[in-house]
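Q: These protein sequences, in sequence, are chains C and H.
The opening residue of the first sequence carries number 1 in UniProt numbering; numbering runs sequentially from there.
The opening residue of the second sequence carries number 1 in UniProt numbering; numbering runs sequentially from there.
No lab work stands behind these hints: they were computed from the structure.
Just to be clear, a hint being listed does not mean it is correct.
Heads up, the list lumps identical chains together, so a pair's fine if it works in one copy or across two of them.
Cross-link-like lysine-lysine pairs, in silico, DSS-like; alpha carbons within 27 angstroms at most [as the list claims (entries may be wrong)]: (1) K370 with K294; (2) K165 with K314; (3) K15 with K2; (4) K370 with K105; (5) K326 with K372; (6) K432 with K319; (7) K286 with K40; (8) K91 with K144; (9) K211 with K314.
Everything numeric in this text was worked out from a predicted model, so none of it was measured.
Protein chains: 2
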Amino acid sequence: MKVVKFGGTSLASGKQIQKVLSIVISDPKRKIVVVSAPGKRFADDTKVTDLLIACARKKLRGEDATDWLEAVVERFASIAMDLEMSNDIVKEIRADLEERLRGYKGDPERFLDHMKAAGEDNNAKLIAAYFQERGIEARYVSPKEAGLIVTDEPGNARVLPESYKRLYSLREQSGIIIFPGFFGFSKNGDVVTFSRGGSDITGSILANGVKAELYENFTDVDAVYAVNPTFVSHPTEIQELTYREMRELSYAGFSVFHDEALIPAFRAGIPVNIKNTNNPSAPGTKIVNERETKNGPVVGIASDEGFCSIYIQKYLMNKEIGFGRKLLQILEDFGLSYEHIPSGIDDVTVILRENQLNQELEQAILHQIKEKLDADEVKIQHRLALIMLVGEGMRRNIGTTARAASALAKAGVNIEMVNQGSSEVSMMFAVKEEVERRAVQALYEEFFVSVPV
Amino acid sequence: MKVVKFGGTSLASGKQIQKVLSIVISDPKRKIVVVSAPGKRFADDTKVTDLLIACARKKLRGEDATDWLEAVVERFASIAMDLEMSNDIVKEIRADLEERLRGYKGDPERFLDHMKAAGEDNNAKLIAAYFQERGIEARYVSPKEAGLIVTDEPGNARVLPESYKRLYSLREQSGIIIFPGFFGFSKNGDVVTFSRGGSDITGSILANGVKAELYENFTDVDAVYAVNPTFVSHPTEIQELTYREMRELSYAGFSVFHDEALIPAFRAGIPVNIKNTNNPSAPGTKIVNERETKNGPVVGIASDEGFCSIYIQKYLMNKEIGFGRKLLQILEDFGLSYEHIPSGIDDVTVILRENQLNQELEQAILHQIKEKLDADEVKIQHRLALIMLVGEGMRRNIGTTARAASALAKAGVNIEMVNQGSSEVSMMFAVKEEVERRAVQALYEEFFVSVPV
Chain C
1 MKVVKFGGTS LASGKQIQKV LSIVISDPKR KIVVVSAPGK RFADDTKVTD
51 LLIACARKKL RGEDATDWLE AVVERFASIA MDLEMSNDIV KEIRADLEER
101 LRGYKGDPER FLDHMKAAGE DNNAKLIAAY FQERGIEARY VSPKEAGLIV
151 TDEPGNARVL PESYKRLYSL REQSGIIIFP GFFGFSKNGD VVTFSRGGSD
201 ITGSILANGV KAELYENFTD VDAVYAVNPT FVSHPTEIQE LTYREMRELS
251 YAGFSVFHDE ALIPAFRAGI PVNIKNTNNP SAPGTKIVNE RETKNGPVVG
301 IASDEGFCSI YIQKYLMNKE IGFGRKLLQI LEDFGLSYEH IPSGIDDVTV
351 ILRENQLNQE LEQAILHQIK EKLDADEVKI QHRLALIMLV GEGMRRNIGT
401 TARAASALAK AGVNIEMVNQ GSSEVSMMFA VKEEVERRAV QALYEEFFVS
451 VPV
Chain H
1 MKVVKFGGTS LASGKQIQKV LSIVISDPKR KIVVVSAPGK RFADDTKVTD
51 LLIACARKKL RGEDATDWLE AVVERFASIA MDLEMSNDIV KEIRADLEER
101 LRGYKGDPER FLDHMKAAGE DNNAKLIAAY FQERGIEARY VSPKEAGLIV
151 TDEPGNARVL PESYKRLYSL REQSGIIIFP GFFGFSKNGD VVTFSRGGSD
201 ITGSILANGV KAELYENFTD VDAVYAVNPT FVSHPTEIQE LTYREMRELS
251 YAGFSVFHDE ALIPAFRAGI PVNIKNTNNP SAPGTKIVNE RETKNGPVVG
301 IASDEGFCSI YIQKYLMNKE IGFGRKLLQI LEDFGLSYEH IPSGIDDVTV
351 ILRENQLNQE LEQAILHQIK EKLDADEVKI QHRLALIMLV GEGMRRNIGT
401 TARAASALAK AGVNIEMVNQ GSSEVSMMFA VKEEVERRAV QALYEEFFVS
451 VPV
């Protein structure tokens with residue numbers, strides 16, 4: 001049995017939903033279909049979920065939200081028309097939306113969650129109806145009926161462990177199950193949504209619950225690329241990567257989806273296949289527990305900018321037990337999270353995301369560090385980029401560091417920082433933002449183009 | 001004016017003290033001479049300070065310590081005889097030692113300090129007398145007379161800031177001052193010693209106090225070597241290095257002396273010249289505030305073994321604010337100091353000196369980390385060596401990392417860890433202990449032998 005999830009662009013129009021239908025029926029193992037709300041049809045389009053949020057906010061302000069409600073109905077109506085479906089489904093959706101809009105507003109977050117969930121919920125109903133009209137045995141199953149119980153944290157729900165056992169009984173149902181993504185129900189029976197992109201989470205939970213042999217995640221790209229395609233044109237597609245590699249690659253903001261969504265599938269050891277709705281015959285990228293490392297030490301390169309480093313120097317720092325802990329306490333008191341803290345004998349550097357700071361906060365932090373830790377010198381460097389080289393077994397491959405550092409040197413890139421050896425599957429370089437592109441290109445050239453290893 | 005300090009081996013015999021005299025009088029700027037206690041004359045010899053400690057401990061146990069006292073007197077008598085001095089000085093030393101031995105024993109640490117200081121103190125008196133007998137204007141000055149006031153921490157005294165002003169008046173004295181190293185006086189007038197090797201500290205304090213143009217530190221090697229001579233025969237001698245470089249080199253236990261002793265001279269910007277008593281015409285190694293970097297990026301390579309790494313893995317670790325701080329708190333609670341903490345997205349590694357642990361403690365720490373931090377995996381790797389590449393401006397030299405990593409790869413050395421970017425003047429590699437020698441040799445070959453840069 002396979003769990004198949006389709007993202008917003010795969011369901012944005014009738015034409016796309018026709019593709020979805022043929023994909024699902026082309027493999028009898030595709031029994032559980034998790035759907036998102038209709039996404040963008042073109043670059044400037046608005047996602048149905050965003051229309052619903054605008055609608056809910058307007059209503060919460062006490063204003064008339066009919067315009068937004070009509071916009072949502074219009075999107076579904078257009079899909080139904082494309083699919084030559086009867087108007088009944090549109091009426092049903094309108095009625096559902098109007099009822100939600102009349103709902104209790106005393107708890108705004110809960111009201112918002114209720115409205116947001118309408119995109120996936122109604123899309124699932126529409127798609128189930130469409131499958132039925134095409135003579136396919138299919139039915140809509142709600143998370144409530146299936147027993148997908150979550151914590152009562154609106155907008156940030158987490159699945160409760162007892163759900164898995166209940167979801168297992170979905171295996172016994174005949175026909176295809178169309179399941180709305182993005183939300184579950186609290187123990188009290190309230191709709192609670194996952195964090196944004198939460199349909200991936202639903203698919204992953206269901207794959208775990210029914211112990212699927214595969215979780216297929218259909219999106220709008222053929223595969224996960226080995227490098228950001230805005231830096232390198234037509235980069236290598238990754239055929240297979242491990243969960244750990246996926247996670248490291250997503251570290252620097254380079255991800256086709258929510259990597260944390262994978263946790264439930266990961267825990268159950270279920271492989272994930274990222275595929276393209278618009279090119280379903282492409283093999284896509286498979287995310288697995290273990291893989292053979294036959295294509296050299298590096299599987300992918302990720303990078304992101306917007307980091308800064310705070311350098312702290314104090315003579316005899318390394319003799320001072322508790323110095324590092326006190327430094328981290330200061331960061332924690334300011335609510336800051338950090339990426340790395342490379343340290344030397346008399347100095348330590350903290351790398352963190354720049355967007356956590358503004359000028360005032362920055363001054364306050366530098367001042368506190370200087371005062372509380374009695375530091376000799378504290379200085380900040382802005383506009384750094386972090387580059388991650390990721391690959392299983394990289395650590396055991398003598399010479400990977402040398403190849404990477406030499407490639408950067410040849411490209412005239414100065415390495416501000418190297419962090420290697422914590423993770424067994426990655427190596428981090430910090431460079432100035434202005435050379436990020438050049439650095440990534442040089443590393444790609446070294447590990448994916450020049451010499452096959 | 002120069003402050004000149006002679007170490008124990010430079011003063012171990014009459015013959016050595018004759019060399020000291022010629023060195024001092026060969027430069028009229030050498031006005032202040034700081035002396036250690038007589039050290040070893042040959043490999044199996046015992047230092048006078050160690051004889052004094054044995055003597056004091058025996059006395060404190062309530063036993064007769066005459067044998068040890070005689071051994072100390074004997075060392076001084078042998079020096080006096082070598083120098084053809086009258087027996088008066090030996091009588092004076094014996095009387096001093098007997099008086100110290102009769103001293104108050106209610107505070108054993110203070111008694112011990114009093115005894116330990118006798119080596120330097122009597123040696124200074126002997127040397128002053130010898131200089132006088134040779135017709136040189138010289139006199140013994142005690143730390144009390146000079147105003148070298150320290151904190152009342154027996155065996156670990158720190159200079160009090162007011163001392164510097166008092167010491168400045170030593171400039172006004174005519175002739176050569178012979179000053180005992182290793183101890184000062186508390187505000188109450190008690191003898192208090194510095195930590196072991198403390199004559200270097202005395203010299204450094206005096207250099208600061210009198211605002212010397214140079215602090216000459218005479219020892220028994222021609223220079224600081226660029227690499228451990230047990231790994232590479234006849235290594236390059238370092239002509240000049242900065243305080244920062246010296247400090248980084250001494251990090252991994254590779255040091256001709258107490259690098260912390262330099263702090264007072266360092267604060268006053270006074271250069272230090274490490275020279276050889278047995279080869280005073282050799283230029284030695286100069287430690288300065290700034291230097292021209294004309295000989296390539298690397299000035300020296302230090303290494304030490306006996307490290308271990310604790311690897312901690314936890315899914316979503318980087319989302320958990322406070323994780324790092326809690327980890328460091330656990331280490332602090334166990335009284336452990338760490339060297340480095342490289343971190344990844346879901347993992348962090350702590351590098352620390354292995355000699356802080358035993359099997360029981362190790363199990364307790366691993367257990368606490370697993371429990372308190374709810375880690376998915378905790379494991380320890382033993383027998384690591386750290387190698388430091390040190391050099392000013394290394395960071396701005398594109399390609400240093402590449403050269404180092406390539407040299408290690410060519411030597412078949414797997415890099416377990418790289419830490420670069422905290423300090424601007426060093427780069428750290430961790431390797432398995434069994435390849436330390438090979439790794440150091442490869443790096444030395446790359447930066448000091450093969451290609452001049």
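Q: Where does the structure disagree with the numbered hints, that is, which hint numbers, in rising order?
A: Structure breaks hints 1 and 4.
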